[in-house]
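Participant: Sequence:
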Amino acid sequence: MDNQQVTLVAILDLSAAFDCVDHDILLSKLQSSFGLGGITLTWILSCLTDRSQRVLFNGSLSIVVMFSFGVPQRSVLGPLLFLLYAAEIFDIIASFGLSGHTYADDSQLYISVPASESQTVAAQLAPYVKSLDQWMGFNRLKLNAHKTQLFWIGTGQQLAKQTTI
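Residue numbers for the sequence shown follow the numbering used here, beginning at 1 and rising by one.
The reader is advised that the hints may include incorrect statements.
Okay, derived cross-link-like pairs now, DSS-like style, lysine-lysine, Cα gap no bigger than 27 Å in a straight line [unchecked claim]: (1) Lys142 / Lys130; (2) Lys130 / Lys147; (3) Lys29 / Lys130; (4) Lys142 / Lys29.
Pairwise CB distance ranges (calculated) [said to hold, decoys possible]: (5) Lys147 / Met1: 23 to 29 Å; (6) Gly137 / Ile39: 31 to 37 Å; (7) Ser32 / Pro114: 38 to 44 Å; (8) Ser32 / Asn3: 37 to 43 Å; (9) Arg74 / Ile25: 19 to 25 Å; (10) Thr40 / Asn3: 23 to 29 Å; (11) Ser60 / Thr148: 38 to 44 Å; (12) Arg140 / Gly37: 18 to 24 Å; (13) Ala16 / Leu45: 18 to 24 Å; (14) Gln53 / Gly97: 41 to 47 Å; (15) Glu88 / Asp19: 17 to 23 Å.
Keep in mind the hints are simulated off the structure, nothing from the lab.
Where a beta carbon is used, it is the ideal one built from N, C-alpha and C, also for glycine.
Throw the hints in and build the complete structure from the sequences for me.
Facilitator: Shown next, in the form of structure tokens:
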């Protein structure tokens, strides 16, 4: 705003992101992109495998269901493993000339432009989000289009100069 620009922000919503992490893809990324191996990789694998769940309802226990996907939630390790799993998102965002921010499974991408360029930038954003959605699908993540939001940030005067949204 200090530079007389408006900022288009896209808040990306992922459906059950921590539950969708594919263990084989994660382990491959940890090895190839982050150089982990040996005992470290074995330790991480031990945190991911042989996890199960059962439910107690009205005094009855359900059958045990084994998890074949996902990272532990409500732990320090879960968000870290998810961030490493999805780290390529930043490369994709940067390739579009955008900036991004992620906290665990909450991601935002944004770009600041003069208000007069807002229509052009808004039109360019849709294919970028579609490319991210394709990457997510390839990596077994699901972008929730109904909860993904776009909005402009700027002063009232700057926003009044826009020709879009």
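Participant: All hints, please: hold or fail.
Facilitator: For each hint, the structure was consulted:
1. Lys142 / Lys130: Answer holds: Lys142 to Lys130 is near 12 Å, not above 27 Å.
2. Lys130 / Lys147: Distance of about 15 Å is within 27 Å: holds.
3. Lys29 / Lys130: The hint holds at about 23 Å.
4. Lys142 / Lys29: holds (19 Å)
5. Lys147 / Met1: 23 to 29 Å: holds (27 Å)
6. Gly137 / Ile39: 31 to 37 Å: For Ile39 against Gly137, whose Cβ atoms are near 33 Å apart, the range 31 to 37 Å holds.
7. Ser32 / Pro114: 38 to 44 Å: holds (40 Å)
8. Ser32 / Asn3: 37 to 43 Å: Because 39 Å falls inside the window, the suggested range holds.
9. Arg74 / Ile25: 19 to 25 Å: holds (22 Å)
10. Thr40 / Asn3: 23 to 29 Å: violated (44 Å)
11. Ser60 / Thr148: 38 to 44 Å: holds (39 Å)
12. Arg140 / Gly37: 18 to 24 Å: The hint (18 to 24 Å, Cβ to Cβ) holds, given that Arg140 and Gly37 are roughly 23 Å apart.
13. Ala16 / Leu45: 18 to 24 Å: Holds - the Cβ-Cβ distance for Ala16 and Leu45, about 22 Å, lies within 18 to 24 Å.
14. Gln53 / Gly97: 41 to 47 Å: Roughly 43 Å apart at Cβ, these two residues keep to the hinted range, so it holds.
15. Glu88 / Asp19: 17 to 23 Å: Because 19 Å falls inside the window, the suggested range holds.
In summary, the one numbered hint that this structure violates is 10.
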